[in-house]
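Kindly generate the complete structure, drawing on both the sequences and the hints.
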Amino acid sequence: MSTAPKRITDIGPPRYDKYLHPVIKKNYGKWQFHENIAPGVYCHVAESGDCIYTVRAGSPRLLSVQTLRLFADLADKYCGGYLRFTSRNNVEFLLDDAAQIEPLKRELRAFGFPVGGTNNAISNIVHTQGWIHCHSSATDASGLVKCVMDAVYEHFTHEDLPAKLRIAVACCLNMCGAVHCSDIAILGVHRLPPKVQPELIRRLCEVPTLIASCPTGAIRPTTADGKPSVTVVEEQCMYCGNCYTVCPAMPMNDPENDGLSIWVGGKVSNARTAPRFSKLAVPFLPNHPPRWPEVVEAVVKIVDVYAKNARKYERLGEWIERIGWPRFFRLTGFEFTRYHIDDFKHAGLTYARSAHVRY
Amino acid sequence: MTKEKSDCHPSETPLLDELEKGPWPSFVKEIKSAAQTSESARDLLGQLELSYQEKKGHWKHGGLVGVLGYGGGVIGRYSDAGDRFPKIAHFHTLRVNQPAGWFYTSAALRTICDIWERHGSGLTNMHGSTGDLILLGTSTPELEPTFRELAQAGFDLGGSGSSLRTPSCCVGMARCEWACYDAMKLCYDLTMAYQDEMHRPPFPYKFKIKCAACPNDCVAAIARADLAIIGTWRDDIQMDNAEVAAYAAAGADIQKQVCDLCPTRCMEWDGKKLAIDNRNCVRCMHCINVMPKALRPGKDRGGVIMIGGKAPIMQGALLSSVLIPFVPASELMETLQELIRRIWDFWDEYGNNRERVGELVQRVGLPAFLDGIGLDPVPEMVAAPRDNPYIYFQARKGEER
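For the record, the sequence lines run as chains Z and W.
Here my numbering = 1-based position in the first sequence + 15.
Here my numbering = 1-based position in the second sequence + 18.
It is worth saying that the hints were derived from the structure and are not from the lab.
All of these numbers come straight from a predicted model, not from anything done at the bench.
It cannot be assumed that every hint is accurate.
Said to hold, decoys possible - Pairs of lysine-lysine, DSSO-like flavour, derived with a Cα cap of 30 angstroms:
(1) W:291 x W:317
(2) Z:45 x W:290
(3) Z:327 x W:78
(4) Z:92 x W:274
(5) W:39 x Z:92
(6) W:291 x Z:45
(7) Z:40 x Z:92
(8) Z:327 x Z:316
(9) W:73 x Z:327
(10) W:73 x Z:316
(11) Z:327 x Z:294
(12) Z:92 x Z:41
(13) Z:294 x Z:360
(14) W:224 x Z:33
(15) W:78 x W:50
(16) W:311 x W:290
(17) Z:210 x W:311
(18) W:78 x Z:316
(19) Z:316 x W:47
(20) Z:92 x Z:45
(21) W:39 x Z:323
(22) W:274 x W:224
(23) W:47 x Z:92
(24) Z:33 x W:317
(25) W:78 x W:274
(26) W:39 x W:50
(27) Z:294 x W:73
(28) W:274 x W:290
(29) W:274 x W:311
(30) Z:21 x Z:33
(31) W:311 x Z:327
(32) Z:242 x W:78
(33) W:274 x W:291
(34) W:73 x W:47
(35) W:224 x Z:210
(36) Z:40 x W:47
Here it is, written out as structure tokens:
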């Protein structure tokens, strides 16, 4: 055996233009316009007259090497091996031959990958790891995505909504994903304070760091069996889980009290109105795997009411702003509760500070 | 199929089997597919079924694992049910820098697949929320060999912990006529410039950079990046009135769907011609989105630099706010390098443990932050001037107070 090869470090990602389609390389920065030929299919036209066609298909994001190889095979068969993924976990095939679009679509569908997710459709759901791989999750993420996308599938394959609708799932308040600025966000929540385990604190945690980790100052120093420990002022805890992240001796998982909340009306695009946070629609729904019927029902309700009532190009949050939140709650039938009224920092900014009331 | 004696044979996952039904592609099928050849994928399936039964996660806290000389890029993960599922007793994730814009060739994908089949579970995320290619689950001894093979294939690890996280960007100039700067190149150049900060966590907490080449912000930079570069332009929207008329002839209601939805009502349509008062255009992109054949961003292009976006933990979610209203495209890299140095210096000096830069700005106030990084205040930074009179006046030069 020869000696081990030299250890390579700090090389960074592949150069940004390494994997580009020749038509893309040639027309880089010289695109003229694009057309949406069909749901899931774009044609981008360059100043040179060249065209690149994109076929977009939904994926579960969690992909086996077997499926990635299938994507590679399809890319070889239809488009010279060039493909990419989108910021919402769709896969896109990049073609220079329009005649290959329909055969590729047929084959993708035959393998169970729906083509769509463009324009005024529901695109794929940005989501987190959940029970697949996360220590602080209040629920699973992939399962929720599967159930919701099964229910709104037709809105992925058809561009039939007033505007684009972006859904996100986060399995805890860390929100690894732009859940806080989505048209509809499904958020896993804990509802009980952490259970302090003094034995483990001694072994695993720095008490001052743990105390400093609490945004509301609910964690106070104490002693347990003469050793440093902490106690939680329970009425001050809003179950963010930050303490658990810095100290494993503060577990929060609770099968019966963990669940889901639903948030609506956020966006990140600057189009028309400014980017904005999603707002609370439903404070708590039970955690019912494997199909989460209550969550699916709530999301479908929101999508249906929005599709029926919003004007063209009006995002969910823009529509609600026009009709007012009272009407949103009436139309959806969601109960408005004390939990909908903010009582954390800057809470007053969301209070109604005018006499503008619809009757 | 022969029945295996494993604790978690696919047929023994009745709850997860429910998630193979329905039209949307199933992640359970993916795990089962990997489980054909991967024992750890099989144990993952078993543990996940247990989570579905008990409505509870079974992952313990991350531990400190990684590859030699790096302080990030690997998320340590241990099962609390390792006795039942020994192949995932440790099941660490590698974050791998994605190619800019998530472009691949079939050959590149197969290379990654081959490496990951040899050394890990055979499961991936395409991609993680920050943008990295995620290799989901392997054991501690496999980390270094995986890294070595990835590096030989031209891939490197991303950030984790209190480091610069892998910067990400939209497709930009590769396939979008709206790109106001070369987002893929800028993202790549920034990633290369800060290898040390990405691989060896030096900060109070994480730092994310995202490059969106136009205000549509397809990478959610404004919501998710500590430092967001959002493409825009300064001159007039490029307009082809014949194409506007073509959209109208094809059925678009220009008045209702374009002019009335313009946030500053800076457009007029007389049934034949569209007129834009470009001085009052805020570059929102709506009219361009509706009529991409007729309207394009102007030619004097660059970016808005924004600071402080983040999700809730710890002090609440923040959207980014304007730091520099416009930097010409050709000056972005140089300007950013100087700005980033000053931001990191200030954050390093004054940031608390686990305090994102946006939270630091909230705590000390934007004026003090501007003093700290040497930027002059401009009205583009605020939606409105302050409305409370509690002003901390500073001593004038040479004045004793």
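Open item on the list: Checking one constraint from the list: CA of residue 327 of chain Z to CA of residue 78 of chain W, max 30 angstroms. Satisfied?
Closed with: Given that 30 angstroms is the threshold and the Cα spacing comes to 47 angstroms, the pair is violated.
Task: Agreement of residue 327 of chain Z and residue 294 of chain Z with the hint, judged by alpha carbon distance not exceeding 30 angstroms - done: The hint holds at about 22 angstroms.
Open item on the list: For residue 311 of chain W and residue 290 of chain W, compute the direct alpha-carbon distance and say whether it is at most 30 angstroms.
Closed with: holds, 16 angstroms
Task: Proposed proximity, residue 274 of chain W with residue 78 of chain W (alpha carbon, max 30 angstroms) - done: Given that 30 angstroms is the threshold and the Cα spacing comes to 55 angstroms, the pair is violated.
TODO: With a cut-off of 30 angstroms on the C-alpha distance, tell me whether residue 291 of chain W and residue 317 of chain W pass.
DONE: holds, 22 angstroms
Task: Satisfaction of hint between residue 311 of chain W and residue 274 of chain W, Cα-Cα up to 30 angstroms - done: The hint holds at about 19 angstroms.
Task: Pairwise hint evaluation, residue 92 of chain Z against residue 39 of chain W, where the allowed Cα distance is 30 angstroms at most - done: Cα-Cα ~29 angstroms, so holds.
Task: 30 angstroms Cα cutoff - pair residue 45 of chain Z, residue 290 of chain W - done: holds, 29 angstroms
Open item on the list: For residue 92 of chain Z and residue 274 of chain W, compute the direct alpha-carbon distance and say whether it is at most 30 angstroms.
Closed with: violated, 44 angstroms
Task: Proposed proximity, residue 316 of chain Z with residue 73 of chain W (alpha carbon, max 30 angstroms) - done: OK: residue 73 of chain W and residue 316 of chain Z at ~25 angstroms, within 30 angstroms.
Task: Pair hint outcome, residue 294 of chain Z versus residue 360 of chain Z [Cα-Cα no greater than 30 angstroms] - done: Between residue 294 of chain Z and residue 360 of chain Z the Cα gap is close to 15 angstroms, so the pair holds against 30 angstroms.
Task: Pair hint outcome, residue 274 of chain W versus residue 224 of chain W [Cα-Cα no greater than 30 angstroms] - done: violated, 44 angstroms
In summary, the numbered hints that this structure violates are 3, 4, 9, 17, 18, 22, 25, 36.
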